[in-house]
Amino acid sequence: MEQEKINSINPIPNLNTELDVKLFLFLFKKSFFWILVSFIVCLSFAYIIIRYSTPQYESSAILQISSENNASYIISTDQFANDEINSDVEILRSKLLFENAIKTVPLETRYFTEGKILSEENYTNALFKLNDIEIIDSAIYNARINVDFSKDVFKVYYTLSSKDYNFKVGNNEIINTPHFNGIIGTSNPAQLSDQTSKNKLYFQFYLIEDLVNELHGGLSVEVQNASAKTVKLSYKNPNALIAHDVLNAVANTFIRLDTSRNVDGYNNVISFLENQLVVVSDSLDASEEKLERFKQANKVKQLDEVSNNYLQQSQELESKEMQVKIDLTILQEIQNKIESSAEVNPEDILPLLIGTKFESNLIDHIKNLEELVIKREQLIGVTNTSMQYKKLKDEIDIQVKLISAGITSLINHHSKNITNIKQKLQDIEDSYTNLPRKEIELARLTRAHSINVKFHSMLLEKITEYSIAKEGFTSQTKLLQRPSMPVDPVSPRKVLIFAGFIILAFLISMGIVVIRYLYYNQLNSLEEIQKYTKATIALLGNIPKYPSDIPVSQLLIDKDPKSILSEAFRSVRTNLQFIDNSSGPKVLAVTSTISGEGKTFVSINLAGIFAFSGKKVIIIDLDMRKPKIHRGFDVDNEVGMSSLLIDKVATKDCIRKSQLENLHFITAGPVPPNPSELIINGRIDSLIEELKSDYDLIVFDNPPIGLVTDGIPVIQKADYPVYILRAGYSKRQFVHNLDKLMLENDIQKLSVVLNSVDSRKSPVGNNNYGYGYGYGYGYGYGYGNYYSDAQSDDRPWYKKIFGR
1189 MEQEKINSIN PIPNLNTELD VKLFLFLFKK SFFWILVSFI VCLSFAYIII
1239 RYSTPQYESS AILQISSENN ASYIISTDQF ANDEINSDVE ILRSKLLFEN
1289 AIKTVPLETR YFTEGKILSE ENYTNALFKL NDIEIIDSAI YNARINVDFS
1339 KDVFKVYYTL SSKDYNFKVG NNEIINTPHF NGIIGTSNPA QLSDQTSKNK
1389 LYFQFYLIED LVNELHGGLS VEVQNASAKT VKLSYKNPNA LIAHDVLNAV
1439 ANTFIRLDTS RNVDGYNNVI SFLENQLVVV SDSLDASEEK LERFKQANKV
1489 KQLDEVSNNY LQQSQELESK EMQVKIDLTI LQEIQNKIES SAEVNPEDIL
1539 PLLIGTKFES NLIDHIKNLE ELVIKREQLI GVTNTSMQYK KLKDEIDIQV
1589 KLISAGITSL INHHSKNITN IKQKLQDIED SYTNLPRKEI ELARLTRAHS
1639 INVKFHSMLL EKITEYSIAK EGFTSQTKLL QRPSMPVDPV SPRKVLIFAG
1689 FIILAFLISM GIVVIRYLYY NQLNSLEEIQ KYTKATIALL GNIPKYPSDI
1739 PVSQLLIDKD PKSILSEAFR SVRTNLQFID NSSGPKVLAV TSTISGEGKT
1789 FVSINLAGIF AFSGKKVIII DLDMRKPKIH RGFDVDNEVG MSSLLIDKVA
1839 TKDCIRKSQL ENLHFITAGP VPPNPSELII NGRIDSLIEE LKSDYDLIVF
1889 DNPPIGLVTD GIPVIQKADY PVYILRAGYS KRQFVHNLDK LMLENDIQKL
1939 SVVLNSVDSR KSPVGNNNYG YGYGYGYGYG YGYGNYYSDA QSDDRPWYKK
1989 IFGR
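All residue numbers for the sequence shown refer to this note's numbering, where the first residue is 1189 and numbers rise by one.
Be aware that one or more of the hints could be misleading.
Unchecked claim - With a cut-off of at most 20 Å between alpha-carbon atoms, the simulated EDC-like pairs for lysine to aspartate or glutamate come out as follows: (1) 1555 x 1446; (2) 1579 x 1559; (3) 1719 x 1208; (4) 1581 x 1615; (5) 1304 x 1320; (6) 1905 x 1882; (7) 1351 x 1336; (8) 1291 x 1397; (9) 1555 x 1527; (10) 1604 x 1509; (11) 1845 x 1907; (12) 1218 x 1208; (13) 1555 x 1585; (14) 1589 x 1521; (15) 1513 x 1397; (16) 1578 x 1559; (17) 1604 x 1649; (18) 1905 x 1873; (19) 1804 x 1882; (20) 1804 x 1849; (21) 1283 x 1397; (22) 1388 x 1308; (23) 1304 x 1336; (24) 1919 x 1208; (25) 1604 x 1746; (26) 1386 x 1340; (27) 1589 x 1558; (28) 1642 x 1822; (29) 1804 x 1649; (30) 1642 x 1504.
Since the hints were derived computationally from the structure, they do not count as laboratory data.
Produce the entire structure from the sequences given, and follow the hints as far as they go.
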C-alpha cells in the first residue's frame, strides 16, 4: 500500500489551473502597490497626452443639394435636369473646390504665438498686422519671421539660407526687406509690448497650394440622407474660428459653383445657336431676295395646286433634313472638342448634349467621365507615375474612347439620314419634271425660302427656350444648418482618454494579478499542505509573525509569555502530546526543506516553551554546515557537536545554559569537512542515551533535508519528527519531501509546523489546525518578524499598505 502511494506521487503543477477566489483576492491585495503604480503611470500618460496634444476644434454644417427651374411653368425643363448627389459630394471633397474656397479666407499671412510646448495660431485676433504685402522673393514662403515690439518700435528678424536678417521699423510704417514689403502696425501697443515680453510672436507667408495641402485633410464630407439629398460637412482645425470660416467658405463656394456651372451650360448652348442663327439669317435674306427677283422678272405670283403639292412634300423633307443637320453639327462640334484636346473636360461637352434627342445615348458616359476626373483631382501626394494615377488615367481614356465611338456612330447615322432625305427630294423632283419650267423654278425658290424661314424660326425658338430656362434656373442648394462655431475641442477628448487609460490600468493590474495567480507557487496554509500531500501527516499548527525586527537572541517566548507567539508555541506543544504521550525522555528533531524557513527559530522557542512548563530541555545544533544556534543565543561557537562527535571534548564541556531556566544547548562547533560521516558514526546514539539521563526533552536542529540528507538518521530516531514550512516562502513542491520522509524513510510520526503566518494577508485566513493565529508572509533569509499582542503595529503607513 505504501509502495503504491510512493508510485502515485506526481509533480505538483507550477501553474494554477483551478480558480481559488481567496488566493486571487489575497494576491490582489498583495499586488496593491503595483496596481497603484499602474494607475498612476497610466493616468500620467493620459494627462501628458491631454496637456501636450494640439486641440482640434470641429465646425459642422448640413447642405441640401438640389435645383429648381421656374421656367417649367412655360416650357418643359426635364431635359435640363442634372441632379447627381454622389457627383456633388466628390466635388465638395475635391482639392480644386477647396482651393477656391481657401482663397476667400485670410490665411496667406498667418500669425502665431509660440508656447512652451505648442504654438497657437492667432488668426484674426493677432495683436499686430501686416498690410499691403508685396512678396519679392518666393523663398520667404513658409519661413518663420519673428517679431518683437518695444517702445513703439517693431523688431523683425528671420533666418533664410543660413543668413540672418534684422529690421527695425516704427508702428504703422513700411518695412522693406529683400524678400517682402508691407506696412506693419498694431492698434494696442501696450498689450503687444506686454505680450512680446512673455511669449515669442511670429508670422509666416503661405502659397495657396501649401495652404491647400496643409488644411485640406481637415475636411470631411458624407451623405447624411440620400433621399433628402442632404450632405454633412465638417472641418477640424486647432483654431476654432479658422474651422468655422473655412467650412463656411467651402459651403458658399460650392453653392456659387452649383449655380454658375448650370448657367454656363445654358450660355454655351445659346452661344452655339446664335452663331447658327447668323448663318441662317444670311441664307434667309438671300433666298428671299432671289425669290422676289424671280417673281418680278417672270411676272409669276403664285403656284397652282400641283406645284403646291410638290412644294409641300419638298418642304417637309427639307425640314427634316435641317433638323438632322443641326444635330449633326452639334455632334461634330463635340467630336472636334474631343479630338483637339489632350485631356477632355466633361464640363466643356456636357452642355452641348443638353436638349438633344441623343442626350440619353451619351450622358451616362459623360457622368462616368466626370466622376473619374473628380477622383483624379482628389489624389493627394500621388505622382503621375504612380499605379493609382495610371489606373485612373486608363479609366478616363476608356470613357473618352466610348464617348468618341458613340458620337462617331451617331454622326454616321445622321449622315445616312441626310443622304436618304436628299434621295427622296430627288425622287420628288423627278416625279414633277413635266411641270412648266417656270413653275418648277418658282417652287424651288419658294421651297428654299420656306426652309430658311422655318430653320430661322426653329433657332429663334431654341434660343428663346434656353434663355427662359437659364433665367428661370434657381439653385436650391442651401445650408440647412450653418457652420457652427466650436466651443470645446473634439480632440483630445479628455473623458475618453482618461477612461481609456483607466481601463488600460485596470487591464494591466488584472494582468499582474492573474500572472501572479497563475505562477503563484508558495504554501500559505496547513490546508494546502494537506491538499498536496499523499501521506497522512500530523499538522501541529501555525507560528505567527512578529512585526518588528527579531533580536539577536531568537528566544522570544520568555520576553512576553502571554503573547500570541507564545500561545502558538504552547498550542504546538500540546499537539505534540497527541503524537506520543508516553512517559520518559523524548527526542524532538526539527528540519526543513531549505535554509530560511525558520527551523532554528522554531527549535529554540519550542524548546523554550517546554522549559516553561517545567521540563528540562536541551537543544543540539546538528546543522554543522551552517550553524545558527550559537547566534540564536548570542554566544561563541568554539566547541560543540563537531568537537563532541570526534571525542575531542566531553559532553559536559559542550553543554551551555541559556537565560531561561531548564533550557540548555549545544552549539554546532567548528565547521567540519565531513559532517555527514560525523552524524552517522554512531556517536549520536550514545549521546542521546547519555542526555536522556539528565533531560526530559532533547531537541535536534537538523540540516535542511532538501539540500543534504545528514539529518534523516536523527529524524528516524526522533519521537517527535517536526518539519518546518514557511508561509509565503516555501514552495508547493516541498510537500514531496514530506511524502518521501514518511513513505520512503518510514517516518510515521512526521508532523508539520507552518511558520511565519500572517492572517491579515493569508488567502485563507485562520487555519483549522493547531493554534489558529497567524499573520503570514514573512522575512528574508533569516527567520522573519513575529507578531506579539503586547506590541502595537507601529510600522510606517506605506508598509501597512504595501506589506513591506
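Open item on the list: For a C-alpha distance cap of 20 Å, please report whether residue 1719 and residue 1208 respect it.
Closed with: holds (13 Å)
Open item on the list: Would the hint linking residue 1604 and residue 1649 be met if the CA-CA limit is 20 Å?
Closed with: violated (27 Å)
- [ ] Take the C-alpha atoms of residue 1845 and residue 1907, compute the straight-line distance between them, and say whether it is at most 20 Å.
- [x] violated (24 Å)
Open item on the list: With the threshold set at 20 Å, check whether the alpha-carbon distance from residue 1351 to residue 1336 stays at or below it.
Closed with: holds (19 Å)
Open item on the list: Run the distance test for residue 1804 versus residue 1649: straight-line Cα separation, threshold 20 Å.
Closed with: violated (137 Å)
Open item on the list: Against the 20 Å threshold, does the CA-CA distance of residue 1804 and residue 1849 hold or violate the hint?
Closed with: Given that 20 Å is the threshold and the Cα spacing comes to 8 Å, the pair holds.
- [ ] For the pair we were handed, residue 1905 and residue 1873, check the Cα-Cα distance against 20 Å.
- [x] holds (9 Å)
Open item on the list: Check whether the Cα positions of residue 1579 and residue 1559 lie no farther apart than 20 Å.
Closed with: holds (14 Å)
TODO: With a cut-off of 20 Å on the C-alpha distance, tell me whether residue 1304 and residue 1336 pass.
DONE: holds (17 Å)
TODO: Quickly compare the C-alpha distance for residue 1919 and residue 1208 to 20 Å and report which way the hint goes.
DONE: The hint holds at about 17 Å.
Task: Pair hint outcome, residue 1642 versus residue 1822 [Cα-Cα no greater than 20 Å] - done: Violated, because 135 Å separates the two Cα atoms, which is more than 20 Å.
- [ ] Take a quick look at whether residue 1604 and residue 1746 sit within 20 Å of each other, Cα to Cα.
- [x] violated (129 Å)
Hint compliance for this structure: hints 4, 5, 11, 15, 17, 25, 28 and 29 are broken, all remaining hints hold.
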